[in-house]
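Put together the whole structure using the sequences plus the hints.
Read top to bottom, the protein sequences are chains A and B. Letter 307 of the first sequence, counting from 1, is numbered 307 in UniProt numbering, and no numbers are missing. Letter 323 of the second sequence, counting from 1, is numbered 323 in UniProt numbering, and no numbers are missing.
Keep in mind that the hints were calculated from the coordinates and are not lab data. Just so you know, these numbers come straight off a predicted model, no measurement behind them. Yeah, the Cβ is synthetic: ideal placement off N, Cα and C, and Gly gets one too.
Covered stretches of chain A (chain B as the covering partner; in silico rule of three or more C-beta atoms under 8 Å from a C-beta of chain B):
no. : stretch
1   : 238 to 244
2   : 258 to 269
3   : 281 to 293
Some residues of chain A that are not near chain B, with every Cβ distance over 10 Å (derived):
no. : residue
4   : Gly94
5   : Leu159
6   : Leu299
Subject to a maximum C-alpha distance of 20 Å in a straight line, what follows is the list of computed SDA-like cross-link-like pairs (lysine to any residue):
no. : chain 1 : residue 1 : chain 2 : residue 2
7   : A       : Lys273    : B       : Ala274
8   : B       : Lys273    : A       : Ala268
9   : A       : Lys273    : B       : Lys273
10  : B       : Lys273    : A       : Ala269
There are 2 protein chains.
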Amino acid sequence: MDTTAHERPRVLLHDPTLRDGQHAVGHQLDAGQLRAYAIAANAAGVPVVEVGHGNGLGASSLQIGRAALDDATMLTTVRETLTSSRMGVFMAPGWGTAKDIAAAVRHGADIVRIAAHCTEADVTERHLDVVRELGAEAQGVLLMSHMAEPRKLAEQCALMVRFGAQAVGIMDSAGYYLPADVTERVAAIASAVDVPLIFHGHNNLGLAVANSLAAVDAGASVIDATARGFGAGAGNTQLEVLVAVLDRRGVSTGIGLREVLAAADIAAARVMKAPPSIDSTAVASGLAGVFSGFKRPVLEAARAGGVDPIDLFLALGERQVVAGQEDLITDVARRLKVATG
Amino acid sequence: MDTTAHERPRVLLHDPTLRDGQHAVGHQLDAGQLRAYAIAANAAGVPVVEVGHGNGLGASSLQIGRAALDDATMLTTVRETLTSSRMGVFMAPGWGTAKDIAAAVRHGADIVRIAAHCTEADVTERHLDVVRELGAEAQGVLLMSHMAEPRKLAEQCALMVRFGAQAVGIMDSAGYYLPADVTERVAAIASAVDVPLIFHGHNNLGLAVANSLAAVDAGASVIDATARGFGAGAGNTQLEVLVAVLDRRGVSTGIGLREVLAAADIAAARVMKAPPSIDSTAVASGLAGVFSGFKRPVLEAARAGGVDPIDLFLALGERQVVAGQEDLITDVARRLKVATG
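Rendered as structure tokens:
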């Protein structure tokens, strides 16, 4: 079932286990955990291992959550283990700065992803430029992409390509999409740009694998996936499952199935408390279109405010609250308490 | 998001949480657990609550696993709680007999499903006949349906309709299907019979929800789904997720979202140790096309025989071992040990 090493993978799997998974553990992964998983992913032939605070470079803070390790320590720890995988980092302007990018490249980042809210690609220009100047691969991704129409996403992706992005795409940050939504959006972007397209899914509606297949069928060639789905909220597309499914579909990934199953077992044993599952709040969060990284703060605000977390997710969805507006969560919880109490 | 009570559901969700989930706990659900979940499912408007030993009526035995409760106790316990949901049971000829069917109907079963290996629908004739004579609804389902071509499945389903089945369909007992496989098979069956079509999925490849959507789109109108996906192997289609997704698709199920989320929370708290997840052996089992109910015996045989469980799943897949051939598992494990040791 393994593809041979000289075969060029048709789909490149980009693995943010050690970045998106941080959301599930309050950004507390330690050096031993990073090392154990990175060694296994590298051995499996995973093309890109992404690492960092859940919200990316420079995001460790009291408000969002302090990571156990600083960016430099995380990056150098993973870098040392990689012999064939490339190392990726994620950065959202506002949390991270050009200085953080420079430090990340100095610490061995091969790929720097610059993220923006789905309608705000214009904020990526300067940072994409910095990445290109430093000689790393520059990628641009649109967060909470379900909040914009396909045409808008295509226009925003084209803008990031004009800014120098060498791959662009969309994140289903809320786990909101059905496969047909992904098909429509990826196809629209594919017709607008001529660089590899990225898709990043979340599993709130149990559709992350199906959505990733829909993305591949519509023209995406860079798919994010994590060991056991370890990631924010209901988790991401499950890496080892996607390898198996793409293999069945005859789509090469260059990753060995047995080795990626072994890597996932190491992640399950060492990196996570339990694999992500789709609990009732995750369903509500996905339906409402709320950022997956809000799971923990929403549950905390609901408990502190004495409101039903499902009501709070639905109210945040109605308010169209997006990543970066963490301080609105307790505010909405308070209003909800007043309105219903 | 709730559908109104007078609206006729387009898709009927059939809930085997208290039957398929038994596989995950060695058939040890007790009366308090059955009662707690059945009350919640009934309150949510779940149309059918299926209950029994994981392998169905009459299957409790030393070889397959003895259930904590006998069939009569399980059925009367659930029956007492249901005011609007109908009660379903499952039976595979060989494990169960006509006498078991008669007892089940006496204990209040409204629907009796007769199951056969995908190519052996002829064994269902007598039992479908018994169900009809007793005045219950007779359904026929084909197990391990990935092992037969669409045309064969259509022919076998047509045979069960001729025998009196009032609904027929297929089970993805191994969690093997990709959505396109389901589309092809359900469409073939839909063109051959004129009764409601059943689809029952497993989540080994992370596609149970997507496969269930594919089944609905191809013409299925009875979809099996369980709370948190509680079921054999990697679990079933997750009920509360499917309710949410069908609601987004504008397909009515007659089930209240808030109430079904509450039922799932009760199942998570009371009925299962942990929600099912897709571990590495589940991926191998799905890829190999091995019966999901074999998970526990395969893991035990691998440990006892000193072989890698993934190798054992793949070997069982190559041997095309099917449900009912539990005794072959240790035999294959032994041969594998000899071959590789």
